[in-house]
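Numbering (the numbering used here), first residue to last: -18 to 260.
Everything labelled a hint here was simulated from the structure, so no lab data went into it. Some hints here could point you the wrong way.
[What the hints assert, rightly or not] Simulated crosslink set (SDA-like; lysine to any residue; CA at most 25 Å straight-line):
1. Lys187 / Phe171
2. Lys126 / Ile152
3. Lys181 / Arg211
4. Lys156 / Tyr44
5. Lys187 / Gln215
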Amino acid sequence: YPVVYLQDPSRNRLVQWTNQESNQGVVSMEFQLNDDASPGNYFITAERSSGSDVVQRFTVDEYVSPRFSTDLDSPNTLSVLEKILPFNMSASYTYGQPVPGTITVKCCLQNDIYGRSKNCYKNSCLNITGKLDSEGHFHGAFELKSFDSGFSGSHRSFTLDAIVTEDGTGIQVRKSSYTWMTSELAKLYFDYGRMNTYYKRGLPFKASVVLTDEKNNPMQGEKIELEINRNIIQNVTTNADGRATYEIDTSNFVEDNFTIKKCSYRHYNTHNEKNLFVF
-18 YPVVYLQDPS RNRLVQWTNQ ESNQGVVSME FQLNDDASPG NYFITAERSS
32 GSDVVQRFTV DEYVSPRFST DLDSPNTLSV LEKILPFNMS ASYTYGQPVP
82 GTITVKCCLQ NDIYGRSKNC YKNSCLNITG KLDSEGHFHG AFELKSFDSG
132 FSGSHRSFTL DAIVTEDGTG IQVRKSSYTW MTSELAKLYF DYGRMNTYYK
182 RGLPFKASVV LTDEKNNPMQ GEKIELEINR NIIQNVTTNA DGRATYEIDT
232 SNFVEDNFTI KKCSYRHYNT HNEKNLFVF
């Protein structure tokens, strides 16, 4: 290429390169635009010794900072027993003052079913409109019973799409969130960070378990049953952190390994096992 050059939107030539040889059909050049470069269409032109020139266009847009920002707060997870989907919306200017305006929130029950049965269901949506209060906030909730009941709890998920419209200007800012419905009302797990993988016969072995709800909040005062090799050894109670610990006496153990199992009777599906080996 005898000449390759870059032009600004006014067709002024900003930079040019001469006698550029391609490497396997590729010519690489670089030029840094100024931070205050004029918005518009820029043109890269490569002149060829024979044939038509090659021209490539790109666009520089002027960045416009938003007049105000919004925040949509809604739960990431809800249990299938919940009756409502709550949300909180706030809008404020970049200098901190609340935004006067209206809000429209659209909540849609998503079809998370796959295969042929997917065509049997349609996504259903509900809308809530309102006015932002003097602090730029709006608090609302959708009643879950109002949605199509054809979905099983394990296949429910919701999207929230909120639009804040500023009074006087009509400027709109959008925000979205996602909520997953779960049939797992609690989660019981070993705290492996506080437990060893191996045990030494004759030394006490500390077992530590944690119980949380579907939102990962600790569950206090719950009874947890611990088993070793299918024999119940102790019922322990979770503390304020949802944690329960127990020291296992290994002085009478004769096997090279043993299995600990934990279970919560109030949450029948929360159980798990851990194998320990002697060293």
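Consistency of the hints with the structure:
1. With a C-alpha separation of about 11 Å, the suggested pairing of lysine 187 with phenylalanine 171 holds against the 25 Å cut-off.
2. For the suggested pair lysine 126 and isoleucine 152, the alpha carbons sit about 33 Å apart, so the restraint of at most 25 Å is broken.
3. Using a Cα cut-off of 25 Å, the hinted pair lysine 181 and arginine 211 holds, with the two alpha carbons roughly 20 Å apart.
4. Of the supplied pair hints, the one linking lysine 156 and tyrosine 44 holds, its CA atoms being roughly 20 Å apart against a limit of 25 Å.
5. In summary, the hint linking lysine 187 to glutamine 215 is supported, as the alpha carbons are separated by about 13 Å, within the 25 Å threshold.
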